[in-house]
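Participant: Chain by chain, the residues:
There are 4 protein chains.
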Amino acid sequence: MPKLAYLGPEATFTEEALRILAPHAEGLPSANVSAALDAARRGEADGAVVPLENSLEGGISSTLDELAWGEPLLITAELLLPVQFSLLTRTEMPLSDVKRVYTHPAAITQCRGFVAREMPDAVVVPAPSTAAAAQEVADPGSPYDAAIAARIAGERYGLVELASGVGDRSDTVTRFIRLSRPGRLPEPTGSDCTSLVAFLTDDHPGALLEMLTEFSVRGVNLTRIESRPTGDGIGRYFFHFDLEGHVAEARVGEAVSGLRRICADVRFLGSYPRADGVAPRIKRGTADDDFAEAAGWLSRIRSGRP
Amino acid sequence: MPKLAYLGPEATFTEEALRILAPHAEGLPSANVSAALDAARRGEADGAVVPLENSLEGGISSTLDELAWGEPLLITAELLLPVQFSLLTRTEMPLSDVKRVYTHPAAITQCRGFVAREMPDAVVVPAPSTAAAAQEVADPGSPYDAAIAARIAGERYGLVELASGVGDRSDTVTRFIRLSRPGRLPEPTGSDCTSLVAFLTDDHPGALLEMLTEFSVRGVNLTRIESRPTGDGIGRYFFHFDLEGHVAEARVGEAVSGLRRICADVRFLGSYPRADGVAPRIKRGTADDDFAEAAGWLSRIRSGRP
Amino acid sequence: MPKLAYLGPEATFTEEALRILAPHAEGLPSANVSAALDAARRGEADGAVVPLENSLEGGISSTLDELAWGEPLLITAELLLPVQFSLLTRTEMPLSDVKRVYTHPAAITQCRGFVAREMPDAVVVPAPSTAAAAQEVADPGSPYDAAIAARIAGERYGLVELASGVGDRSDTVTRFIRLSRPGRLPEPTGSDCTSLVAFLTDDHPGALLEMLTEFSVRGVNLTRIESRPTGDGIGRYFFHFDLEGHVAEARVGEAVSGLRRICADVRFLGSYPRADGVAPRIKRGTADDDFAEAAGWLSRIRSGRP
Amino acid sequence: MPKLAYLGPEATFTEEALRILAPHAEGLPSANVSAALDAARRGEADGAVVPLENSLEGGISSTLDELAWGEPLLITAELLLPVQFSLLTRTEMPLSDVKRVYTHPAAITQCRGFVAREMPDAVVVPAPSTAAAAQEVADPGSPYDAAIAARIAGERYGLVELASGVGDRSDTVTRFIRLSRPGRLPEPTGSDCTSLVAFLTDDHPGALLEMLTEFSVRGVNLTRIESRPTGDGIGRYFFHFDLEGHVAEARVGEAVSGLRRICADVRFLGSYPRADGVAPRIKRGTADDDFAEAAGWLSRIRSGRP
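Residue numbers (UniProt numbering), protein chains in the order written: chain V, 1 to 306; chain U, 1 to 306; chain X, 1 to 306; chain H, 1 to 306.
This list has only true hints and no planted wrong ones.
Copies of the same chain look alike in the list, so a pair counts if it fits in one copy or across any two.
Here are the computed lysine to aspartate or glutamate pairs in the EDC-like style, where the Cα-Cα straight-line distance is at most 20 Å:
(1) Lys283 to Asp265
(2) Lys99 to Glu118
(3) Lys283 to Glu293
(4) Lys283 to Asp202
(5) Lys99 to Asp139
(6) Lys3 to Asp38
(7) Lys99 to Glu161
(8) Lys3 to Glu44
(9) Lys3 to Glu26
(10) Lys3 to Asp46
(11) Lys99 to Asp121
In case anyone wonders, no lab produced these hints; they're calculated from the structure.
Chain V on its own, in the form it takes in the complex (with noise of 0.2 Å):
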């Protein structure tokens, strides 16, 4: 039975991704994903579970910047989760009871408008997670009636489940990847995604126009990029990209390592089977067969013949 590490504490919507991607593991919560991935690395785990991007708050920072910058780790499949919020209390009460409210920064963010609409006189308390703000309200000496969080931490923790879907879209995903350290990649399964991260050599203008060239020309489609400052002052950032298609095809391939060759570095995060399902378009020219085609044309005429 593998054991994934996840960012925790249990109950979270990451446990939940944990149980959907790998229903026989162990789960290890973290106190945060950068400790999530370090169990990963150090062999404490045998990888991680953590939050890549959500449809309405965006790239979650701290896994971009840990899948930068720390240790290698590979990215093996990915989710895309619905994430529904409950809100929770000790006891029933009419929802004008609830004056102070606890629960985490993005869930603020999300469930903004059912707050002023429903508990305009409520405060919101930002807490390090849904769970924790769960499990903080279930202590009967706790300052905050209430709390907004997954419904199985509601379970966890004993709670009444006052209200459900406050979010103010019902549509949320949240994107989870699993972690594993470097080796054999997933095989292709012809719906494959496979992310990257690029450093700039030097910041000259038209740098970005140029890595999407070297993609475009292979035709390989870009599915997702995200710029994060590289800490060197305003104005400098790095990329994230999203590539529709698997390291193993030929336009893949020689898509990345053209990236490779412009930029002062190139990070691969691994090519995975997609969540949703969905077969890229090969353009013309691009397909496998169309490289080995090439390559066979190429040393023929190397060697001179027609």
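Dock chains U, X and H against chain V, hints included.
Facilitator: What follows is chains U, X and H alone, placed relative to chain V:
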């Protein structure tokens, strides 16, 4: 004396930025970025000062999303402010006695190394803002021993500066912007920045490359790109762009018009002097004179004159 | 009745083109392309008709260079004329008796297969024009047995058509243009062509790519590109371009202005109805309405209106 | 001693080129470009020397089309030969007595200014070659008074050089190529040229831009582009390209393979030393070492090593 809303409470880094950007302004502290901008929108303030990005943490999501989705405001100035964190306590004490630290999550990240090295046993708890942390710690009944915040917060709340420069990097910079209700733009200075938000018509492969080409073909350099989720599910993004130059310049005007034609929507966020005073390199054929000459020529050939 | 100079002598394919392009015009045969164009320039004729390119032989260098370097003229119409060659003799005779054939070098190339197959022993001698060849052969003292020329040349000079359709391809087409002194352009028809000549500022790598990008970024399709030497040594070229659309259209106007800004010189050769009547596909965001909307928007944002 | 076919007759500029390119070769004069190349193809000669382009007249269509459509041959060397025209007569005579001049059509164009200025009343008649013109004029029964040809033609046929340097430009240069049957390529020298012919899959808008991008993205500079009609009607072209570098170099190999993948057909015409000895500027990231490093990296990441 203009009144400017800012991301409060008092004694935050944003108040410091406000004092530099508008020394004679009256400050109106606001609970969060949205509240500060709303005060400017509703006329309770003449404008607002908020952070836009940090050289370590990246873009401030709440500011980016407010600028994109909220009632339109114009950026009229920017400031790059070095950020210095201090460890503040109610009374002088040895570092080893500090067990519980309170500060904003961004500061937790930026001071992680100091805490791990100097106070390995301390627990760090997230606060709504660094100034709120300082205020809380000033309360003799506070469960926290120390706050990490700006020095001016310590002065305001009568705290002892146990250590200064506790950030992991000495050169962290935050970029602040001043916003006003729509109106006359700042005059071009020869060293300006133009900020935009662009929404794709449909999220086709190559859309980003097309957008960047609209800039590059007119010799307009991109200094920042930030993708943000549209909220419509993973894989749907819109983009914040910062460009070199003022929209009153011909090359910038034509480029943003080109962007407008290929996008579902483009929101202009302002043209304003660059804080660093750097003048862009004007590529051959893209100065205002070149555009004027070409426009005259086009007018002649359209009427059949050689 | 307009008077039009054309590449003579009488009975050439160009006269045929003239009769179709301007049925009621008086034709003024000229010794060569330069002479025809000079007649138009000096006012001896109201215009000129000359060949521009042939589907088998390519561009007519003398026309291309005259348009680029000579006193400016405007193309006002084009015609695609199928070219049919006949073998013409003074008297009826067996093919095997034809020993010396006289014709224009272009016809030598285009009838090579027929000659090799049907008259393998015949010598083919280059003539200044196909009509001149017919005229010469009509002379009983001529050293030539046959001419290859247009059927109308045979009719004009009383020759026998020994064989028709002797070109190697039945579908050879020549493109003729009608030229006028600079003046009012033909009105846009929705199916137009714009012709240009562009001279590079300096022959830097990537200059051609930059020129093509000026077109593509405005959705303007290129239908012909022809490089010609500048005369300043091997490796120095200028370019003839044919574009879809009329210079009065916004996307064409902006594209050619962009070309003008990055080139040492651009000479506009005219916008005129396409002979094939094909309407261009207008890419999203590049119709005149799109340009007008974007111009209005630019004007609003420049004055600070949202 | 190798035997090389060339565009004859003897005493043409091509023979001069042959003498320089292969001083010890036996020359085999041929009636035209096709005949010279056929001699090489059939083994009657070991190779051929023909003109490829002229700095005043442009590409030699017959050579371009033979290389594209005929049985494949490889270019193994090139030569840039200054072309000097002389006015040659049987006997010494005043210029004003020269009434009928015989020469090749290219020379007619190149000497137009001299003729107009010095012999305004002379009639100039096209000849199959400049050497044929000289040979004809050497015949006492010739109807022509003078030939315009290379000085060596005058020497060969015993003519008087009435005037030298009668070309309108003193710096006209013709580029000659030496061709061989397919076989081992010349070794890379660091200053090489690669010649190609590319046929489009379908003539979609933007096809040319895509082809040029295959070159530019690998830092391969284009030194010549020549469009030629495919013969399938006006508006259908194929392209001759000359590139900087040798196909044995990684960046050229990958670029031509990319071209191959997106084109209906690519014909490789050879990689050979540049006559001007100019070494290309290698763009950052496109040297052979850069490709080798990136290939090693790709291999590592594909097997999951960081």
